[in-house]
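Asker: These protein sequence lines map, in sequence, to chains A and B.
Counting from 1, position 255 in the first sequence corresponds to residue 255 in our numbering; the numbering is continuous, with no gaps.
Heads up: take any position in the second sequence, counting from 1, add 284, and you land on our numbering.
It is worth saying that the hints were derived from the structure and are not from the lab.
What you are looking at is a predicted structure, and each value in this text was computed from that prediction instead of being measured.
One or more hints might be untrue.
With a cut-off of at most 27 Å between alpha-carbon atoms, the simulated DSSO-like pairs for lysine-lysine come out as follows [as the list claims (entries may be wrong)]:
(1) K467(B) to K501(B)
(2) K195(A) to K390(B)
(3) K195(A) to K210(A)
(4) K492(B) to K366(B)
(5) K465(B) to K366(B)
(6) K195(A) to K366(B)
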Amino acid sequence: MMQEPGAAAAGEIPPMARPGGQAGLRSRGATETLVWLGRLALIAGLLGAWQAASGRWLSDFWFSSPVLIGQRIWEWVDQGVLLAHVWATVAEMGLGFVLGTSVAVCAAFVLGSYRGIAEIFEPLIIALYNIPKLALAPLLILWFGIDMTPKVVLVALVTFFLIFISTYSGIRDVDRDLVNVLRIMGASPMQLFTKVLLPSSIPWILTGVKISLPYALTGAVAGEMMVSREGVGHLVAQSALMIDMTGVYAALTILMVIGVLVDTAVGGGRDSMSHLRNRDLVQV
Amino acid sequence: MIEARDVYKVFSSSGGDVLALKGINLSVRPSEFLAMIGPSGCGKSTLLNMIAGLTSPSRGSILYGGQPVIDVNRAVGYMTQKDTLLPWRTVRDNIGIALELRGLAKPERERLVREHIELVGLTGFERFFPGQLSGGMRKRVLVARTLVYEPETILMDEPFGAVDAQLKLVLQAELLRIWDKTKQTIVFVTHDLGEAIGLADRVVVFSKRPGQIKLVKTVGLPRPRDVHRLRLSPQFAEIYEELWEALKGEFAEERQ
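Taking the hints into account, I'd like the entire structure generated from these sequences.
Answerer: This is how it looks when you write it as structure tokens:
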């Protein structure tokens with residue numbers, strides 16, 4: 001076997017190039033520490049200023065204060081109501097998201113594989129896509145009542161379109177030659193789906209997931225704010241109704257935390273999962 | 285046995301109809317190495333796609349083993365110039381995919397994959413991903429993937445088109461070495477005359493569009509062949525001259 005140029009180089013894959021090396025790492029570490037200190041200082045400063053101003057230059061009725069908000073959240077935890085509300089919101093979001101995503105991925109695969117059908121559906125999908133989904137909340141509540149169902153459906157609708165569009169582009173992007181080669185090798189439509197179409201579109205689906213999760217949270221909360229018995233959106237709406245500003249801020253804080261957690265979880269997952277494919281794309 | 289009977293192909297587009305192939309009659313014998321050569325756009329790849337069942341003739345018919353090809357032809361293996369490896373699968377899993385699709389048991393699959401990795405000289409690279417291989421190594425993986433399920437016929441569409449001249453000769457030599465053992469039918473599309481003569485039993489020269497068969501030349505060079513030395517022999521030069529005479533007109537006219 002003849003050794004060909006490039007073979008030896010391919011034998012040892014260089015690790016992802018890091019700018020700087022050891023010395024560079026140390027100084028970057030130092031910069032990172034500074035950034036983190038700066039961030040802490042900013043947040044502490046803002047909260048401190050808020051706390052100091054509250055009751056002095058700002059009405060603590062309208063603006064509450066970090067300490068009051070903290071106490072309120074602790075009360076909710078203590079009474080055991082917080083977990084139930086958070087659970088309701090997360091459950092609506094999760095169920096709706098899973099429902100919306102599965103339908104969207106299936107629909108995208110069907111329409112992505114059959115151009116004719118796609119062309120028939122296109123105007124309808126574009127028309128529906130352009131309805132502001134949150135405006136459907138009252139309709140869904142009339143249809144499904146005030147329990148979790150209308151929120152789940154709302155989240156599913158919001159998610160569906162974002163994931164559908166992303167996945168559909170992914171399927172259209174799959175190399176026809178790749179599909180043909182596998183068909184000749186004897187792949188059934190199901191095998192084509194599991195061995196080529198699905199893996200090739202995973203980066204696209206994940207992009208859709210990343211984009212749609214914050215909207216899923218918005219959908220769940222918006223649904224709860226209309227009519228509901230529980231959920232963090234319910235807490236916001238109820239507190240506002242009673243002009244309980246501390247309650248509003250406390251509920252908003254909790255939403256912020258949920259949002260950040262969801263985003264972090266998805267961001268991390270996406271990066272590690274698309275790592276392999278990205279590296280391939282870069283090196284090819 | 286592959287047969288094209290009075291095959292025409294028309295491509296319709298918004299710009300009008302284009303006649304790509306005109307009255308093609310050709311038969312490929314079992315275990316034959318047939319090369320097709322012609323200017324780009326002469327329809328030789330289209331003919332290959334027809335044998336693979338990916339497209340059908342506008343008129344006439346393609347027979348494979350006496351039966352008209354009407355659906356995807358699973359008796360063939362197809363290797364194109366394009367890199368159609370699955371980037372998320374390792375070398376081993378890329379080579380084994382056809383066996384996986386055909387539901388072969390795992391031990392048998394592993395044995396065949398190992399054999400073919402050895403055949404194309406990729407031992408030690410089993411767990412590498414395509415993105416970590418050089419262009420020539422990826423070609424080898426493609427060859428192994430096409431051979432591993434032992435298709436009766438192998439269709440190759442400029443398989444070594446994008447590699448440099450030296451590596452191309454190396455890969456050609458490998459292909460001949462393997463083919464001498466397996467003796468599958470190979471239909472090989474190329475636009476490199478030297479490659480066509482070096483590899484094939486017969487060379488089919490296509491005219492420019494609409495593609496017609498201009499000449500079929502039997503290459504009488506003895507086997508096993510050494511693709512490097514072959515080029516220095518007077519017989520090679522003679523055949524090259526004759527085919528180039530037929531071919532160059534097609535390129536000259538194209539320029540007008």
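Asker: It remains to establish, for every hint, whether it holds in the given structure.
Answerer: Outcome of the hint check:
{"no.": "1", "hint": "K467(B) to K501(B)", "verdict": "holds (20 Å)"}
{"no.": "2", "hint": "K195(A) to K390(B)", "verdict": "holds (17 Å)"}
{"no.": "3", "hint": "K195(A) to K210(A)", "verdict": "holds (23 Å)"}
{"no.": "4", "hint": "K492(B) to K366(B)", "verdict": "holds (23 Å)"}
{"no.": "5", "hint": "K465(B) to K366(B)", "verdict": "holds (26 Å)"}
{"no.": "6", "hint": "K195(A) to K366(B)", "verdict": "holds (19 Å)"}
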